[in-house]
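Each chain, letter by letter, is given below.
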Amino acid sequence: MVTAVTSFGRSGLYDWLIQRVSAVVLAAYTLFMVAYLVLNPDLTYTQWQGLFDQLWMRIFSFVTLISIVAHAWIGLWSVLTDYLTSRMMGGKAVVLRVLAQVCLGVVAVTYTIWGIEILWGL
Amino acid sequence: MNKNRPVNLDISTISLPVTAIISILHRISGVILFAVVALLLWALHTSLASEEGFAQVGQVFGHPIAKIVLWGSLAALAYHLVAGVRHLIMDAGVGESLEGGRMGAKIVAVVAVILIALAGVWVW
Numbered sequence: 001m002v003t004a005v006t007s008f009g010r011s012g013l014y015d016w017l018i019q020r021v022s023a024v025v026l027a028a029y030t031l032f033m034v035a036y037l038v039l040n041p042d043l044t045y046t047q048w049q050g051l052f053d054q055l056w057m058r059i060f061s062f063v064t065l066i067s068i069v070a071h072a073w074i075g076l077w078s079v080l081t082d083y084l085t086s087r088m089m090g091g092k093a094v095v096l097r098v099l100a101q102v103c104l105g106v107v108a109v110t111y112t113i114w115g116i117e118i119l120w121g122l
Numbered sequence: 001m002n003k004n005r006p007v008n009l010d011i012s013t014i015s016l017p018v019t020a021i022i023s024i025l026h027r028i029s030g031v032i033l034f035a036v037v038a039l040l041l042w043a044l045h046t047s048l049a050s051e052e053g054f055a056q057v058g059q060v061f062g063h064p065i066a067k068i069v070l071w072g073s074l075a076a077l078a079y080h081l082v083a084g085v086r087h088l089i090m091d092a093g094v095g096e097s098l099e100g101g102r103m104g105a106k107i108v109a110v111v112a113v114i115l116i117a118l119a120g121v122w123v124w
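Respectively, the protein sequence lines represent chains A and B. All residue numbers for the first sequence refer to my numbering, where the first residue is 1 and numbers rise by one. All residue numbers for the second sequence refer to my numbering, where the first residue is 1 and numbers rise by one.
Warning: the hint list may mix true and false statements.
Partial chain B-side listing against chain A, Cβ under 10 angstroms, derived [stated by the list, open to error]:
id, residue
1, Phe-34
2, Leu-41
3, Trp-42
4, Glu-51
5, Gln-59
6, His-87
7, Asp-91
8, Trp-124
These aren't lab readings, by the way, just hints derived from the structure by calculation. Even glycine gets a Cβ: it sits at the ideal position worked out from N, Cα and C.
Extracted from the complex, chain A is given alone in its bound form (with noise of 0.2 angstroms):
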């Protein structure tokens, strides 16, 4: 299958254990992130920034980019292998795809990037 080119994990196994782990460790920051804010529901400037200023913090939130766009890779893969198609499409899907899948690919990059220049604000 000429599509599975551009699958992340170039398997479909790997693929869904990566989707996998990479669900497990963004439930994790979502919980510890809506606890956070709803403990702390008069935050300051000094407390936000002290939490990210610590080192486990800052790599959680790395870790948890890292999975958003490898989920996200994977998830919205899927969606573009099964919508734009040429059954579905016609001639112009494998063009639209590959376009769609470049443009996915400079959001996450960026996406990326901008996060380590947040947490180490090179």
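Chain A is already provided as a structure; the job is to place chain B on it using the hints.
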């Protein structure tokens, strides 16, 4: 090329039972969340940059229209999370039958509605 190779079902002609609705919403919420990441990165960037930035983010999220966007984002996140947990539970072998799948889909809908309502209470 062999014209008789097996092909995917034509998904544009398939009806949508409850399990399919839960599945398509999982996809739609996922696509929305990928865009929301940009908003979250902006908020994180601005809120960590300076005391003024922190206040600015608080101010922006206090705006009525921003609250709707925030609630919509939290709704997509809550839904996607619940529907994702259903996948993990099914991976563990629970609720894999046709009836189990339908039941799981209904549970996802109920839990998601509750969480989305709670998110609304939190935002307003």
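Violated hints - listed by number, lowest first = 5 and 8
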